[in-house]
Amino acid sequence: MPILDLNPTLRGEPAHTLVLFHHAGGSSRGFAPLLPHLPANWRVWGVDLPGRLLDRGTARCRTAVEAVDYLRSALGPALSGPFSVFGHSLGALLAFEVARALESEHRGPCWLGVSGSRAPQRFVSPLSPAGPRDLLRQVHGLGAPGGDHGDRRALARLVARTLSADLDLVADYAYTPGTPLRTALSVFGGEDDPLAPATALGEWSALADGPVPCHTWPGGHFYLYEHAEAVCARLVAACRSQTAPG
127 MPILDLNPTL RGEPAHTLVL FHHAGGSSRG FAPLLPHLPA NWRVWGVDLP GRLLDRGTAR
187 CRTAVEAVDY LRSALGPALS GPFSVFGHSL GALLAFEVAR ALESEHRGPC WLGVSGSRAP
247 QRFVSPLSPA GPRDLLRQVH GLGAPGGDHG DRRALARLVA RTLSADLDLV ADYAYTPGTP
307 LRTALSVFGG EDDPLAPATA LGEWSALADG PVPCHTWPGG HFYLYEHAEA VCARLVAACR
367 SQTAPG
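In this text, residue positions in the sequence shown follow this note's numbering: the first is 127, and each later residue adds one.
For the record, the hints were derived by calculation from the structure and aren't laboratory data. C-beta: ideal position from N, C-alpha, C; glycine also. Misleading hints may appear alongside valid ones.
So the derived label-pair ranges between C-beta atoms look like this [unchecked claim]: (1) Glu317 <-> Asp131: 30 to 36 Å; (2) Arg137 <-> Ala158: 17 to 23 Å; (3) Arg360 <-> Ala204: 22 to 28 Å; (4) Ala356 <-> Gly328: 17 to 23 Å; (5) Arg233 <-> Thr302: 19 to 25 Å; (6) Asn167 <-> Val250: 35 to 41 Å; (7) Pro306 <-> Arg137: 34 to 40 Å; (8) Ala204 <-> Ser367: 20 to 26 Å.
Go ahead and model the full structure; you've got the sequences and the hints to work with.
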């Protein structure tokens with residue numbers, strides 16, 4: 127299943143639904159450090175792209191357009207009530223495009239959070255094409271969670287294959303200009319992120335018709351795992367500001 131329930135203890139009607147989009151080479155389980163800092167009465171969903179790691183029975187998305195269509199189709203029938211979307215790195219681009227697609231169908235999110243990514247109109251592929259070992263070395267050099275796969279060669283090959291396929295999606299991505307988002311948009315980033323420099327995060331503001339706050343924390347591309355509590359506090363406040371009565 128593409129949708130993973132990350133808060134399975136929730137009972138009854140959720141106060142809000144938060145949908146999380148993972149980074150290249152990752153999965154929604156990578157958001158585990160954030161989960162203790164999210165409201166207990168929220169439904170939290172992670173949406174994985176198909177064909178990840180051990181999921182070999184599902185065909186991968188070959189293009190960014192296919193990925194957006196897949197995610198929108200997976201989410202559309204399941205969503206009910208107020209919801210927000212948050213994506214990191216590759217997930218930020220996909221979250222933006224999915225939010226834009228849902229908005230065009232008059233069922234957009236209350237809030238969109240994008241993290242660790244340049245704005246789509248300025249986007250360039252973040253990592254250099256390389257063999258499996260070099261790819262993993264590049265990602266670990268950015269501080270990716272997961273540690274050294276050196277003594278787990280089979281797992282390392284799976285991760286590298288997944289990462290390579292995700293980077294193909296990134297390389298395929300091309301921004302198409304359109305109507306500015308009506309959805310409230312916030313930008314998150316690391317102050318020393320080489321892939322999404324803090325000085326470039328303001329370029330997201332051109333994509334929305336309202337103010338776009340920018341929040342940064344010390345750290346590199348995977349800053350959010352080092353500052354999970356503070357990141358979630360900002361995220362929750364932004365969601366609640368868009369769903370509060372009046």
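**OP:** Compare the structure with the hints numbered earlier in the document and write down the numbers of the violated ones, lowest to highest.
**Re:** none
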